[in-house]
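Visitor: Residue strings, one per chain:
4 protein chains.
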Amino acid sequence: MIAIVKPGTPKEGVAQLCEIIESKGVSTSVIEGANQTIIGLVGDTTRIDPYLLESNSMVEAVRRVSEPFKKANRKFHPDDTVVEVGGVKIGGKGNFAVMAGPCSVESEEQCMIIAEQVKKHGAAIFRGGAFKPRTSPYSFQGLGKEGLDILSKVKREFDMPIITEIMDARDLDLFDDVDILQVGARNMQNFSLLKELGRYGKPVLLKRGMSATIDELLMSAEYIMSEGNDQVMLCERGIRTFETRTRNTFDVSAIPVLRELTHLPIIADPSHATGYTRFVTPVACAATAAQADGLEVEVHHDPAHAASDGAQALLPEQFEDMMRRVGIIRSAVTAEW
Amino acid sequence: MIAIVKPGTPKEGVAQLCEIIESKGVSTSVIEGANQTIIGLVGDTTRIDPYLLESNSMVEAVRRVSEPFKKANRKFHPDDTVVEVGGVKIGGKGNFAVMAGPCSVESEEQCMIIAEQVKKHGAAIFRGGAFKPRTSPYSFQGLGKEGLDILSKVKREFDMPIITEIMDARDLDLFDDVDILQVGARNMQNFSLLKELGRYGKPVLLKRGMSATIDELLMSAEYIMSEGNDQVMLCERGIRTFETRTRNTFDVSAIPVLRELTHLPIIADPSHATGYTRFVTPVACAATAAQADGLEVEVHHDPAHAASDGAQALLPEQFEDMMRRVGIIRSAVTAEW
Amino acid sequence: MIAIVKPGTPKEGVAQLCEIIESKGVSTSVIEGANQTIIGLVGDTTRIDPYLLESNSMVEAVRRVSEPFKKANRKFHPDDTVVEVGGVKIGGKGNFAVMAGPCSVESEEQCMIIAEQVKKHGAAIFRGGAFKPRTSPYSFQGLGKEGLDILSKVKREFDMPIITEIMDARDLDLFDDVDILQVGARNMQNFSLLKELGRYGKPVLLKRGMSATIDELLMSAEYIMSEGNDQVMLCERGIRTFETRTRNTFDVSAIPVLRELTHLPIIADPSHATGYTRFVTPVACAATAAQADGLEVEVHHDPAHAASDGAQALLPEQFEDMMRRVGIIRSAVTAEW
Amino acid sequence: MIAIVKPGTPKEGVAQLCEIIESKGVSTSVIEGANQTIIGLVGDTTRIDPYLLESNSMVEAVRRVSEPFKKANRKFHPDDTVVEVGGVKIGGKGNFAVMAGPCSVESEEQCMIIAEQVKKHGAAIFRGGAFKPRTSPYSFQGLGKEGLDILSKVKREFDMPIITEIMDARDLDLFDDVDILQVGARNMQNFSLLKELGRYGKPVLLKRGMSATIDELLMSAEYIMSEGNDQVMLCERGIRTFETRTRNTFDVSAIPVLRELTHLPIIADPSHATGYTRFVTPVACAATAAQADGLEVEVHHDPAHAASDGAQALLPEQFEDMMRRVGIIRSAVTAEW
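Chains as they are written, first to last, in full-length UniProt numbering: chain A, 1 to 337; chain B, 1 to 337; chain C, 1 to 337; chain D, 1 to 337.
Please note: incorrect hints may appear among the correct ones.
Copies of the same chain are indistinguishable here, so a pair counts whether it falls within one copy or spans any two.
Simulated pairs of lysine-lysine, DSBU-like, Cα-Cα distance not exceeding 30 Å [as the list claims (entries may be wrong)]:
no.: 1; residue 1: K195; residue 2: K145
no.: 2; residue 1: K93; residue 2: K119
no.: 3; residue 1: K24; residue 2: K6
no.: 4; residue 1: K11; residue 2: K24
no.: 5; residue 1: K70; residue 2: K11
no.: 6; residue 1: K120; residue 2: K155
no.: 7; residue 1: K155; residue 2: K89
no.: 8; residue 1: K195; residue 2: K24
no.: 9; residue 1: K145; residue 2: K155
no.: 10; residue 1: K93; residue 2: K6
no.: 11; residue 1: K202; residue 2: K119
no.: 12; residue 1: K71; residue 2: K202
no.: 13; residue 1: K24; residue 2: K70
Rather than coming from a laboratory, the hints here were simulated on the basis of the structure.
Can you make the complete structure from the sequences, with help from the hints?
Guide: Pasting the structure below:
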């Protein structure tokens, strides 16, 4: 961390600033320029609140020099984290996992039909929503516990691990049979929930908030990890921008940026990112080409009657086509010559 | 709601679309243009999922015609909602309330000092955080229950209603003595929490999420109201944009927009919007000039040692100056000639 | 176009609105709902200013039903536009063109070295900036005419068409030997320049403005095309969002969206989108996977001494690696089974 | 400027980096932390391209420490710039100027009617567009030279200085009689035009681009000033965000931020910021409360027949009401006690 001193601050002022900083157990080192003096902070700078230091009338600005996340940081953990559920590996060289299924669990029949199709075409994990975060209180809110029971049946019938969203820490005891707990974009900074999942210990798929920076996503992962759970996967699902032709703007470069900053697996969700079936395959291909570790995709055999988000679901045959293209692209990503 | 039909769709296709819509209990009316055919949907269009209808291959796009919020909608409730706590009125013509206090409750002494000052200069309600939503798990997380106890003492000592943030529905029984429960920006779409507060029934201050549209803010208010609680206040506290010179971008025009769309009281938080003490007063004045119903402002007698967000706190004398200017501006807002 | 009538407007008001609209030569058709009345506008709605109509006190809102662009619109021109320069085809099925070279033209020697390398590895067109739009007036502004002369030499030496940016219509007579004129993001709505290029008639690569919607990009293309020049290519180069880990946010889904809306070729610029060499190849691969018609990439043999934007240039060997991966991905994009 | 060294870089690497930096005439100073080494750059750091330095494989990141603008910087020019045209002062303590008139000049009669009204109610300067930047090539493009002639007549008839937009440097000889040349948001980074206006020497009102940061706005002012013209005024007119209830999002805190960073006058344009008449007065009041030096507002006596932007024009009586409220608010802003 560095503190930029306001021009015109006398030497005694700079000395006083250094004392304030050192009183928190952090060393200082001063660089005097022609117009500008900088104080370098050396040591455990997590003891310093940068906004507070910036509020000192002699300080012009404070800049971080190192990232505030530790457990999620590749610098301190250079090896890729590999999450393993029911024999499926996510993350790490050579692994690539596709999670597919309907937006909402609607019925046992619906899930069985879709699960058979997505498994046949190469999906490794089955997804389906039982608790649904909907913008409107008047929209379908999910089947709840009944939906989780249906997912359990799919898990056994097709021998596929299951992933579903948790919205409320109080529901946690219903999730015993769930393999991966998903935290939705709207709950990315629901810190109570994150801590609870950190203690619970099962793999978590953490979705990036609509207006969350990459650093904030990593800080939310840090919340889970700081409670002892390092089975965290990150999911890019589009951010909010001024563009309205797609539901969100898929930030494809977040994938290589995250790859550099963290050792955690990186999943892409092209369904929520775009909001329209016809854009899902191009974006799924793009995410694969950018070296995502996996995809989460919505598939429905009868989207016109889906309970939610039918507009972004792939038909089974569209999913098959997507999987073929993704397969070729993976060979470009992993090629060495 | 209207559905725009894809050019080239034959008459039978249009008829088929109308049947699909009517099967959900909604009437249709067709307008044929030279290049474009439109289907008007008449009746209770909440039965139609616009995204789903848009996914039909004969539909080009779907546009809403009326707002999806009802209880919060001024069209159906033209009179201003007035929230009253401990004799203080918020909302409605002629009322203007200022909530002030420290970002975090740090100690009884700290709160007593600040409460005396803010009361003296005209604040009607005391604010202070006991549960703190922090981006980093390594930052101060608030005093919790102990903080709530201190707030209760302030309430009695100074006869001021108190407002504080709730982050987890499981803590609700600790909030018995709290007058207004605040929902933070990060929890604006924590729907489980919103429903619980709807059932709890006490006044709620709902902060706009960092990337929430005005319509989404109103839909979140609708979640609380649909459970039977209409004591909801809305708070503009800055949205996330590309500009980094301030912590967020205060959306001042949201105030007149909300005034038109809803009957709920509108509060402005210039402290979190800007992030820096020196911009708080100008933005507080701006919000007042734009006809906000009140302000929530952070005040600290010793910001350099605040446990959180000291960089944006006003000193008591700065708060006094702000209150004077706000007073003059209120006279411009309420003037009739 | 539809006009949504304010609730409570009497029948005579609606009739009056219809008269106003019909006085501009546009027919109307009224749909009366329980709570809401809609007027459908039928005919040449370009005669109606939607903002103006919306300002009528009886109108709640106006929604467009059809796109305001015509010549760029795939609906009216379903076949892909293929731009051909010096034997290189851009756009249309099976064509894929890579434009590569340094950000700035610095010297003849520099350009010759780079051109040899990029040609060897498969670039079809040579890029280099002679007039440079720099945020600071104190930064290198380009070699100007001398730079254009160097580009001409490269063109002859390596038999490659050349592309370079034009910033000022007054320079147009210097561009006689240039094959493709590039309009930078900052000039996307410099309408005087666009009209001039429309009259000039040579192929134009139009970059998307940092905060331009896809529709605005198409309207700017329409400016060029409405003057008689239909040799327009569109370039996605990243938009401005709140994320700061990359220079801009590459909007990969803009590629399939544009593919649907327009027949014009779509080029991606991963260099400016990301701003950092190490993210260029993943994003180039992603754009290819999303079915771009080509790439514009910055390559420099000695980035540490580049006059501008060295931080985002690929070394020739990195460009070679990128081209190999892009080649495999193209096979996934064009596969049929 | 500081360079953050990649962890694990050996001492020789750091020394090598210092040599590279010093070879450009800038001194260095090294701070070694436990995990992180920082190099401070001391001297004229405008010689260093931060992106380029960041591209060095031993460098993790580069951070600016001082602003890149000089002539516009309040640090070096603490006194407010006061622009004076035709006896009207803009900027500086106690001055406040309102520019009002129609969006487009439509006819002599129209301008005379409006000018009389706005003058009567306190406007000091008359605005009107002769060259109009329109998103669509099919929209009204302005009266051009004829419009400028009408403005000249208004100037003489009412003894008011006039302001109008210039879109093309080639039109400059038509602007002899214009007092203030306006650069629109879309041309904020049309550097050729900015340089030309720098040489021309007349007062310029520079509008902030829709996605321009405050720093970029100041760098564009610097383009004009670096050519010798320091008569520059800055105009906040709304930025582009995800919110669609207003045409743009008026960044009210930009006003106090600019006040701190620069000595140039700061004008607010509530008409373009909001896009709707009914929000103009609240935002004009807010801007005044935030201590803008003036306003630019659109007024039309017959908005329903305006050639452009009628939806955001105030009627003369609405303008009168706005001016009264603004007057009271100014007294709050300038009060001392």
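Visitor: Hint by hint, say whether it matches the structure.
Guide: Tested hints:
In this assembly of identical chains, K195 and K145 lie within 30 Å of each other by CA distance both inside one copy and across copies; the values are 23 Å within and 18 Å between. In the homo-oligomer, the alpha carbons of K93 and K119 lie at most 30 Å apart inside one protomer (23 Å), although the nearest pairing across protomers, at 33 Å, exceeds that limit. In this assembly of identical chains, K24 and K6 lie within 30 Å of each other by CA distance both inside one copy and across copies; the values are 21 Å within and 26 Å between. When the C-alpha separation of K11 and K24 is checked against a cutoff of 30 Å, the pair qualifies both within a copy, at 21 Å, and between copies, at 29 Å.
In this assembly of identical chains, the alpha carbons of K70 and K11 lie at most 30 Å apart only when taken from different copies (25 Å versus 35 Å within one copy). In this assembly of identical chains, the alpha carbons of K120 and K155 lie at most 30 Å apart only when taken from the same copy (15 Å versus 52 Å across copies). Taking the shortest alpha-carbon separations for K155 and K89, only the intra-copy value of 17 Å comes in at or below 30 Å, while the best inter-copy value is 51 Å. For the homomeric pair K195 and K24, the shortest alpha-carbon distance inside one copy (27 Å) is at most 30 Å, but the shortest distance between copies (43 Å) is not.
In this homomeric assembly, K145 and K155 come within 30 Å of each other (Cα to Cα) only inside a single copy, at 15 Å, whereas the closest approach across copies is 42 Å. Only between protomers do K93 and K6 lie at most 30 Å apart by alpha-carbon distance; the minimum there is 24 Å, versus 48 Å within a single protomer. In the homo-oligomer, the alpha carbons of K202 and K119 lie at most 30 Å apart inside one protomer (23 Å), although the nearest pairing across protomers, at 49 Å, exceeds that limit. For a Cα distance limit of 30 Å, the shortest separation of K71 from K202 inside one copy, 17 Å, qualifies, whereas the shortest one across copies, 40 Å, does not.
For a Cα distance limit of 30 Å, the shortest separation of K24 from K70 inside one copy, 20 Å, qualifies, whereas the shortest one across copies, 36 Å, does not.
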